[in-house]
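> Keeping their order, the protein sequence lines are chains A and B. Using the numbering used here, the first residue of the first sequence is number 1, and each one after it goes up by one. Using the numbering used here, the first residue of the second sequence is number 110, and each one after it goes up by one.
It is possible that part of the hints are untrue.
Sample of chain A residues at the chain B side, in silico, Cβ under 8 angstroms [to be verified]: (1) 7; (2) 8; (3) 10; (4) 29; (5) 42; (6) 43; (7) 49; (8) 50; (9) 53; (10) 55; (11) 93; (12) 99.
So these bits of chain B aren't anywhere near chain A, every CB distance computed over 10 angstroms [as the list claims (entries may be wrong)]: (13) 129; (14) 152; (15) 155; (16) 166; (17) 186; (18) 195; (19) 201; (20) 203; (21) 208; (22) 209; (23) 215.
Hints in this document: simulated from the structure, not taken from any laboratory. Nothing here was measured: the structure is a model prediction, and the numbers come from that model. In this text, a Cβ means the ideal position worked out from N, Cα and C, and glycines have one as well.
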Amino acid sequence: KQEVTQIPAALSVPEGENLVLNCSFTDSAIYNLQWFRQDPGKGLTSLLLIQSSQREQTSGRLNASLDKSSGRSTLYIAASQPGDSATYLCAVNGNDMRFGAGTRLTVKP
Amino acid sequence: SQTIHQWPATLVQPVGSPLSLECTVEGTSNPNLYWYRQAAGRGLQLLFYSVGIGQISSEVPQNLSASRPQDRQFILSSKKLLLSDSGFYLCAWSPEGGTEAFFGQGTRLTVV
Numbered sequence: 001k002q003e004v005t006q007i008p009a010a011l012s013v014p015e016g017e018n019l020v021l022n023c024s025f026t027d028s029a030i031y032n033l034q035w036f037r038q039d040p041g042k043g044l045t046s047l048l049l050i051q052s053s054q055r056e057q058t059s060g061r062l063n064a065s066l067d068k069s070s071g072r073s074t075l076y077i078a079a080s081q082p083g084d085s086a087t088y089l090c091a092v093n094g095n096d097m098r099f100g101a102g103t104r105l106t107v108k109p
Numbered sequence: 110s111q112t113i114h115q116w117p118a119t120l121v122q123p124v125g126s127p128l129s130l131e132c133t134v135e136g137t138s139n140p141n142l143y144w145y146r147q148a149a150g151r152g153l154q155l156l157f158y159s160v161g162i163g164q165i166s167s168e169v170p171q172n173l174s175a176s177r178p179q180d181r182q183f184i185l186s187s188k189k190l191l192l193s194d195s196g197f198y199l200c201a202w203s204p205e206g207g208t209e210a211f212f213g214q215g216t217r218l219t220v221v
């Protein structure tokens with residue numbers, strides 16, 4: 001069974017810092033990996049989708065990489081802002097879709 | 110365009126009462142459908158997923174069941190709720206073949 005781990009569990013940074021969130025998974029037989037953002041009490045908003053054949057995807061200040069063979073993905077956030085504060089979840093899509101426990105990010109003004 | 114609807118948004122139910130949460134998808138056919146539960150401060154636990162009508166895969170033994178009576182309808186049910194069933198329930202869909210996933214707004218269930 002696919003297991004997904006996210007490190008760190010929580011992160012607090014001052015505004016303007018660049019930061020990296022990590023996601024690892026145990027089974028490399030995946031179709032894609034997706035990063036989501038969740039605000040408190042809300043549903044999930046898709047940020048980036050990386051197909052298994054791709055190495056990275058970029059959207060604005062966000063860049064996600066995928067190393068399928070080592071079972072790792074990173075989400076890089078450049079020039080963080082207080083509005084980036086949320087929980088970030090990675091989901092690995094194989095036969096089903098499995099989530100990590102998330103990284104709770106706080107960006108302080 | 111595709112949309113996903115999940116209701117109700119919040120629900121307070123007594124212990125022992127039944128449950129029915131509904132999720133429907135519009136604008137696509139034969140989607141993969143998922144039910145997740147998120148306990149307070151925890152990640153998403155996959156409860157059920159379905160790749161077609163009447164095809165339900167269950168992840169963990171629990172007090173819940175799921176059904177897919179129509180192609181774009183996914184229902185989460187319980188005959189008798191437990192206190193431990195409280196949580197945030199999320200429905201999701203992805204296109205056949207499993208590409209990008211999209212989520213509903215969730216149902217906050219409180220069992221009292």
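> Against chain B, run the beta carbon of residue 10 of chain A and see if the smallest gap drops under 8 angstroms.
Check failed: Cβ of residue 10 of chain A comes no nearer than 10 angstroms to chain B, outside 8 angstroms.
> Was residue 186 of chain B rightly flagged as not at the interface, with every chain A Cβ beyond 10 angstroms?
holds (20 angstroms)
> Would the stated hint for residue 53 of chain A survive a check requiring a Cβ distance to chain B of less than 8 angstroms?
Residue 53 of chain A check fails; min Cβ-Cβ to chain B is 12 angstroms, beyond 8 angstroms.
> Would you assess whether residue 203 of chain B, listed as outside the interface, keeps its beta-carbon beyond 10 angstroms of every beta-carbon in chain A?
Not fine: 7 angstroms to the nearest Cβ puts residue 203 of chain B too close to chain A.
> Could you check if residue 50 of chain A really has its C-beta closer than 8 angstroms to a C-beta on chain B?
Because about 10 angstroms separates residue 50 of chain A from the closest Cβ in chain B, which is outside the 8 angstroms limit, the hint is violated.
> Does the interface hint hold: is residue 43 of chain A within less than 8 angstroms of chain B, judged Cβ to Cβ?
holds (4 angstroms)
> The output says residue 152 of chain B does not contact chain A. Does that hold with a beta carbon cutoff of 10 angstroms?
violated (3 angstroms)
> So, residue 99 of chain A near chain B? Judge it on the closest CB pair being under 8 angstroms.
holds (4 angstroms)
> With d taken as the least Cβ-Cβ distance between residue 209 of chain B and chain A, does d exceed 10 angstroms?
Violated: least Cβ distance 5 angstroms, not greater than 10 angstroms.
> Check the non-interface label on residue 166 of chain B: least C-beta distance to chain A beyond 10 angstroms or not.
Residue 166 of chain B not clear of chain A: closest Cβ-Cβ about 7 angstroms, inside 10 angstroms.
> Tell me if the interface restraint on residue 49 of chain A is satisfied: Cβ within less than 8 angstroms of some Cβ in chain B.
holds (5 angstroms)
> Taking C-beta pairs only, is residue 208 of chain B more than 10 angstroms away from all of chain A?
Given a closest Cβ separation of 6 angstroms, the condition is violated.
Comparing the model with each numbered hint stated earlier shows that hints 1, 2, 3, 4, 8, 9, 10, 14, 15, 16, 19, 20, 21, 22 and 23 do not hold.
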